[in-house]
Amino acid sequence: MNILTFDIEEWFHILDNASTRTEAEWSRYETRIYENMDRIFQLLADTNSRATFFCLGWVADKHPDVIRRIDAAGYEIATHSYAHQLAYEQTPADFQTDLIRSIKHLQDLTGKKVRSYRAPGFSIKEFNRWVFPILVEQGIEIDCSVFSARRAHGGDAELGMFEPGYLDVGGTLLKEFPMNTAAMFGQDLVFSGGGYFRLLPYEVIRRFTRQSNYVMTYFHPRDFDAGQPMIPGLSRARQFKSYYGLKNCLPKLKRLLVEFPFVDLTQADSQIDWSNVVTKRVN
1 MNILTFDIEE WFHILDNAST RTEAEWSRYE TRIYENMDRI FQLLADTNSR
51 ATFFCLGWVA DKHPDVIRRI DAAGYEIATH SYAHQLAYEQ TPADFQTDLI
101 RSIKHLQDLT GKKVRSYRAP GFSIKEFNRW VFPILVEQGI EIDCSVFSAR
151 RAHGGDAELG MFEPGYLDVG GTLLKEFPMN TAAMFGQDLV FSGGGYFRLL
201 PYEVIRRFTR QSNYVMTYFH PRDFDAGQPM IPGLSRARQF KSYYGLKNCL
251 PKLKRLLVEF PFVDLTQADS QIDWSNVVTK RVN
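Its first residue numbered 1, the sequence shown is counted upward by one per residue in the UniProt record's numbering.
A portion of the hints provided could be inaccurate.
[What the hints assert, rightly or not] Think about it this way: if two alpha-carbon atoms lie no more than 20 Å apart in a straight line, the pair counts; the simulated EDC-like pairs of lysine to aspartate or glutamate are:
#1 Lys280 - Asp168
#2 Lys112 - Glu137
#3 Lys247 - Asp46
#4 Lys104 - Glu23
#5 Lys62 - Glu23
#6 Lys254 - Asp46
#7 Lys254 - Asp38
#8 Lys241 - Asp188
#9 Lys241 - Asp225
#10 Lys104 - Asp94
#11 Lys113 - Asp269
#12 Lys252 - Asp38
#13 Lys62 - Asp38
[Unchecked claim] Per label pair, the in silico range of CB-to-CB distance:
#14 Ser27 - Asp65: 13 to 23 Å
#15 Phe185 - Pro232: 27 to 37 Å
#16 Asp94 - Phe240: 26 to 36 Å
#17 Asp273 - Pro232: 46 to 56 Å
#18 Val258 - Ala226: 16 to 26 Å
#19 Thr172 - Arg207: 35 to 45 Å
#20 Asp16 - Glu158: 15 to 25 Å
#21 Ala226 - Asp16: 18 to 28 Å
#22 Gln211 - Lys254: 14 to 24 Å
#23 Arg210 - Ser19: 32 to 42 Å
#24 Phe240 - Asn283: 32 to 42 Å
Note that these hints are calculated values from the structure, not bench results.
Each residue gets a CB set at the ideal place from its N, CA and C atoms; glycine is no exception.
Start from the sequences, fold in the hints, and give me the full structure.
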């Protein structure tokens with residue numbers, strides 16, 4: 001099972017960086033989301049692909065026509081938070097307020113229930129699993145935030161989820177679609193999105209995809225924008241991670257979508273035998 005998802009945010013929504021940390025800084029940057037979304041829409045049309053879009057409430061607020069266009073095209077809309085903040089840097093109250101705000105903006109625009117959530121930067125760790133009860137309280141049925149490997153902005157290796165399963169949240173079952181990993185360079189890394197997708201040669205991605213029973217992708221509009229300016233304040237390592245491979249990312253993904261079948265989150269949900277999955281307790 002291969003799942004195609006996009007995290008819909010602006011090119012300057014770079015986490016853990018002073019010049020892009022909050023809404024106060026974002027007004028300094030140009031708007032590039034329209035041309036970047038055009039590339040995604042064309043890609044999906046060219047490959048006859050379905051995808052789930054994890055959208056920021058901020059995008060719904062500032063650029064509602066982007067959300068309306070996604071919805072009008074028949075694609076599934078989920079939430080990626082409102083203000084793109086790291087979940088483990090928020091208090092439970094702040095996280096809940098942000099989540100409610102994001103859901104309201106998206107549902108007001110589409111008239112459809114928001115069922116699914118992904119944390120910015122997959123920023124759920126062992127110590128902030130309090131996120132999950134809040135998701136359940138706010139009507140979220142599917143989470144896509146678990147990253148059972150080391151990473152800069154999250155990662156809950158102890159949870160050990162690499163395929164879809166249930167999270168037992170105080171007796172309520174929350175469906176989890178985690179990130180998948182592959183063994184590379186002596187550690188478990190994600191090849192199906194972000195910097196490693198842009199870094200790795202296509203043949204490596206192709207081989208890992210063929211070998212995997214479950215692949216969860218994640219891409220951002222900025223991943224296909226080779227002309228975007230350099231964000232100030234990034235270290236050389238983060239400049240490399242954020243900008244390497246932008247030119248070739250779109251044709252690489254197009255080739256993958258042509259060669260392998262992909263589904264959106266709703267289709268994946270319907271194809272899973274949920275009576276025969278692993279359940280992990282998180283409370």
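Here's how the hints hold up against the structure:
1. Lys280 - Asp168: Since the Cα atoms of Lys280 and Asp168 sit roughly 6 Å apart, the hinted pair holds (cutoff 20 Å).
2. Lys112 - Glu137: holds, 18 Å
3. Lys247 - Asp46: holds, 18 Å
4. Lys104 - Glu23: With Cα atoms ~18 Å apart, Lys104 and Glu23 stay inside 20 Å; holds.
5. Lys62 - Glu23: Roughly 11 Å separates the two Cα atoms, so the pair holds.
6. Lys254 - Asp46: holds, 8 Å
7. Lys254 - Asp38: It holds: about 14 Å lies between the C-alpha atoms, which stays within 20 Å.
8. Lys241 - Asp188: Distance ~17 Å between Lys241 and Asp188 Cα, so the pair holds.
9. Lys241 - Asp225: The hint holds at about 14 Å.
10. Lys104 - Asp94: Distance of about 15 Å is within 20 Å: holds.
11. Lys113 - Asp269: holds, 16 Å
12. Lys252 - Asp38: Holds, at roughly 17 Å.
13. Lys62 - Asp38: holds, 17 Å
14. Ser27 - Asp65: 13 to 23 Å: holds, 19 Å
15. Phe185 - Pro232: 27 to 37 Å: holds, 30 Å
16. Asp94 - Phe240: 26 to 36 Å: For Asp94 and Phe240 the Cβ distance comes to about 32 Å; the hint holds.
17. Asp273 - Pro232: 46 to 56 Å: Since the Cβ atoms of Asp273 and Pro232 sit about 49 Å apart, the hinted range of 46 to 56 Å holds.
18. Val258 - Ala226: 16 to 26 Å: Given a distance of about 21 Å, which is inside 16 to 26 Å, the answer is holds.
19. Thr172 - Arg207: 35 to 45 Å: holds, 39 Å
20. Asp16 - Glu158: 15 to 25 Å: About 22 Å separates the Cβ atoms of Asp16 and Glu158, which means 15 to 25 Å holds.
21. Ala226 - Asp16: 18 to 28 Å: holds, 23 Å
22. Gln211 - Lys254: 14 to 24 Å: Between Gln211 and Lys254, where Cβ atoms are some 21 Å apart, the hint holds.
23. Arg210 - Ser19: 32 to 42 Å: Hint holds: Cβ distance 40 Å, inside 32 to 42 Å.
24. Phe240 - Asn283: 32 to 42 Å: Taking Cβ atoms as reference, Phe240 and Asn283 lie about 39 Å apart, which means the hint holds.
Violated hints for the displayed structure: none, as all numbered hints are satisfied.
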